[in-house]
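**Q** These protein sequence lines are chains A and B, in that order. Going by UniProt numbering, the letters in the first sequence line up with residues 1 to 503, in that order. Going by UniProt numbering, the letters in the second sequence line up with residues 1 to 117, in that order.
Please note that the accuracy of each hint is not assured.
Lysine to aspartate or glutamate pairs mimicking EDC-like chemistry, simulated, CA-CA at most 20 angstroms apart [what the hints assert, rightly or not]:
#1 K154/A x D114/B
#2 K154/A x E115/B
#3 K207/A x D272/A
#4 K294/A x D436/A
#5 K96/B x E109/B
#6 K357/A x D114/B
#7 K432/A x E365/A
#8 K162/A x E2/B
#9 K357/A x E115/B
#10 K154/A x E441/A
#11 K154/A x D106/B
#12 K294/A x E2/B
#13 K294/A x E115/B
#14 K162/A x E109/B
#15 K162/A x D106/B
#16 K199/A x E497/A
#17 K162/A x E115/B
#18 K154/A x E109/B
#19 K454/A x E320/A
#20 K96/B x D108/B
#21 K51/B x D66/B
#22 K154/A x D108/B
#23 K96/B x E153/A
#24 K100/B x E66/A
#25 K162/A x D108/B
#26 K162/A x D66/B
#27 K51/B x E2/B
#28 K154/A x D105/B
#29 K439/A x E365/A
#30 K103/B x E115/B
#31 K502/A x E66/A
#32 K103/B x E153/A
What follows is a set of in silico ranges between Cβ atoms, one per label pair, in the way DEER data are often shown [stated by the list, open to error]:
#33 D108/B x A104/A: 27 to 33 angstroms
#34 E441/A x L78/B: 49 to 55 angstroms
#35 N28/A x D108/B: 41 to 47 angstroms
#36 G59/B x P501/A: 30 to 36 angstroms
#37 G10/B x Y470/A: 41 to 47 angstroms
#38 F85/B x P434/A: 50 to 56 angstroms
#39 P501/A x L78/B: 26 to 32 angstroms
#40 S89/B x N433/A: 49 to 55 angstroms
To be clear, the hints were calculated from the coordinates, so they are not data collected in a lab. Everything numeric in this text was worked out from a predicted model, so none of it was measured. Cβ coordinates follow ideal geometry from the N, Cα and C atoms, glycine included.
Spelled out, the chains give:
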Amino acid sequence: MMQQLLLYPLLWQLFMSIALMFAWQHINIQRVMSIVGSAVGLVFSGMLFYKVLVYGTQTIQAGGWEAPFGITFVADTLSATLVLLTSIAGLAVSSFSSASIIPARLRFGYFAIFHFLLLGLIGAFLTGDIFNLYVWFEIIIISSFVLITLGGEKAQIEGAVKYFTLNILASIIFLTAIAVLYGLAGSLNMADLAVLIPKIENRGLVKVAAILFLIGFGIKSAVFPLYFWLPASYHTPPSAVAAIFGGLLTKVGVYALIRVFTLIFVGDVLLDEILIVIAVLTLFSGGIGALVQKNMRKVFSYLIICHIGFMIAGLGMFTELAIAGAIFYLIHDIVVKTNLFMISGIIYRIKGSNNIKSLGGLYKEYPKLSLLMTIPFFSLIGIPPLSGFWPKISLIVSSFNTQNYLVLGAVIFASFLTLIVMAKLWSEVFWKNPVDLPKREHFLYFNKMTTTRKLQMLLPIVFLTGVSLYIGFGAESIQQLSTRIAGELMNSQQYIEAVMPKS
Amino acid sequence: MEFLLAIMTGILYAAGLYMMLRRSLVKLIIGLIMISNGANLLIFLLGRITKGHPPIIKGSAEVFADIYADPVPQALILTAIVISFGLQSFAIILVKRAYKVVKTDDLDEMNTTDEEI
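One chain only, chain B, in its complex shape (with noise of 0.2 angstroms):
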């Protein structure tokens, strides 16, 4: 699970990358999109995965006896999902109004800020 996990990663990281690395605008928001879960899923690989442990101390006990799956990664990947979701909607609506305003979707076009106004 873990190997696989790590490989997708790669994946997403190199996908993403890629993507944003290409002319269209629409592909540089498929690439933030990739990276942003890409991170999610190193974050949870990172806490490392713990399969059937959950952290519920039992009644008897004051600590935990047995190892158990650290719950503030996935309260951080929660976070970080929720704040990237905010910030992927600006950007699809921001992509939407420039290419409306500036009426291309290539990256290169996009000159007006390097002219002597």
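In isolation and in its complexed conformation, chain A is listed as follows (with noise of 0.2 angstroms):
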């Protein structure tokens, strides 16, 4: 029984997703099955992680048949963590879209789809051949293209033409790379892929295939010049999916860019510094991007990709320091961009605006739920002892020691200008007198919400606010995974042979 953990966590979001299928119409069974379901997978993914963090790297494969002829699922401690991190953003943005989500929305099958794109993301996380990533890829953006339409307002509408158009391009991309890598080595297994690449002699086409999965997974890492879809589409569902969106869909890209070029494509130079320059250009291009927004949640979405820039540094660099770096940082960022979309959802409720410059005042009228707030902002910004603030040592001391200045400058004009975007919504939102706005007819304002719903909308902000909290506490015990985790992927061999056995 116990074999079989590692697809309990992917099994058990494929089950809740049909079960709430057949509580179509009754929205309320729906809230309570979707928030205990979201528990239970918490705790298979936290049994996992446990089981990953004591016995090593585990793995299973698919109907029997051996690594590299089968489809192989693998749970190193990245993977693990990873899906872990899933299932606490999952558990807090289902009981936050319980609160949040008109009933409208929620009859059209929320739920199950949500939970669809859970199970894609567990999925993508836990496989280990490339085909099968492609498969939970398109899982993954055809749930989410229903869950950015579900609604159907006139802006959700143009924000999905344009993120289904560069998602599925993405796609294409990612699909045209693995025909190429196929036509190379004949395998899709990715510890196969891992020794047989080193081997083949035409070393220009095996860089074409790392460009194709650069270009296919920056556009869905949002990376610079391939990120304006972010922007243009994730401030137009309702905050819950927006949430899950900031929090994990930018990241699955970002977890994939890490797997293929620690494991498959190694030791290209070339490739490192076109990573840095990205970076770079990212940090950049997101932190002035966001300094000019009047939406708070176009601000949060230019932080997105602003800080997406973080981890390809830590990429790019590719010290065992450096992904440490990059991986603390990713766990930081899935929580707290989490958290933020879910902030902007509750202050939406409270004031029915999101623009910065008609709100106001909120110090005032809610300074407990204010004072929540700041921490969130100050881990994203990096104030120590928060979360933000240890990754970027690492990416610092890392920058130093392999003399990228460029990125040592990015980093650090990168926080500054975060903290400069975080200092003008404080200001704007919470320190500004009151801006009287008109009210809205049928619009469900916080403070007319019953106390279950508030309950619901506040606890998974407390939740992620906690973890937060003991990410940037319990610093030393991350730094510690973290390094376990860049160790794992700077020796790919513990992989290989975790996934094929010598006999």
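Work from the hints to combine the two standalone chains into their complex.
**A** See below:
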């Protein structure tokens, strides 16, 4: 029974989404089912994480076909950590959306699709087969298409057109890359590819495949010149949807980049330089983009782009310390970005707007809530001892060690830009005198909600803030975890042997 | 045959990208469909085309003695076709919906998401 533990988080989400479809019109049942189900999913992910932490990398050969012939599921420490974080964010957003999403949307199967999205995310983190990764990506994007269009407002539909075009294009480029890779190596198993690719003589074509992967995953993770779909679409769906998108979808792209460029295409100086240039430009453009936006959620969208740069920079420098920094940042970023979008959702429910010019006086009206919100804000900026601070030490130290002073400057500058953006946001939304907003009809304001609904919206924020605080104050354990992950990623032999044991 | 397929793949990619860069929503979808078909052909082509050697092991042998056609690319294409079929049908519905809501099929006029709300 326990050997299949690896598949439980995955199968549980699939079971949840099917079960939720049976309660199609009964949204109250769906709300309870989704929250309880996400909590159970979190338990499974926690068990898997514990098992990987204690016993090392877990693998399952689907259908009993030995790698490289069958599809392998692999949970190394990186995958297990990300599955755990997905479940944490999933539980928070599930509770948040049960209160903040209007019943009209819930009636069209919101929760079923939401769990499908989680299924796709967990599958993408666990699979050890490059084509299977493509299939999980397709599951993710088709569910995200439904979530982003659900409700069918004008802005939503327009955002969705941009979102889906670029994401389908990214998938096709990814598929092209797989075709080139298969033509070169004749295998799809990532561990097998890691063995085969260094032996191939046609280095030019290998480089082409690597660049195709970079572009495909680059679009998905929204790095510089490929990010324009993100600020055009992430502010259009309800905040709960934006929270799960902002927290996890771009991070899957980053995960895929980390996996592919530490396992399959290793030791290419040109690629590392490209990654560093991309990272620096992403840090700049995201930070400056956030500075000029008026819509709160657009500010956060640009900050997502900006902070993707930290992870790409860590990957580009390619030392154990730098990758540990990137992984630490990834862990911190998933929690804090999910939290930020939920906060913007609560502010929207309180005031009926997300435009920072027409907001104000929040600190006067809700002092306790505002103080709660400062914690994720400060974590995002990276004020010590909160969570965003620690990974930057690793990144800065390793940029000194590898003499990438450009990265050093960009990291500091981007942190500074984030500080300015958050300070501006704080003074506009929280400190400024309240602006009289016209009362909207047929709009459920926060203070008209029942206590249960209020709690359903507040508890996830408290929960994720607690996780953020743990990451900040328990930084040593997270740093150890990240260092262990970086060690595993740098010594891919361990991964290869876990998938294909030498008999 | 390989040469023809290679040319065809190139044409599909180029035409698809060209169509995607145009302003009409319908042409965008046509472009997407063309590129994804191009990708499928590319998998087929790069999986090496072997004629007249189906991957069936004779009853007397345990492994392949001769060259054989690789079945994996075909399985991949089949999967990719099914997935792109689903995505395309969603895309077509979305475009129809977008036309109804925005009342234009000109991509340059879809600027609601850039407005300050």
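**Q** Which earlier hints turn out false for this structure, listed by number in ascending order?
**A** Hints 8, 12, 19, 24, 26, 37 are the ones this structure does not satisfy, whereas the remaining hints hold.
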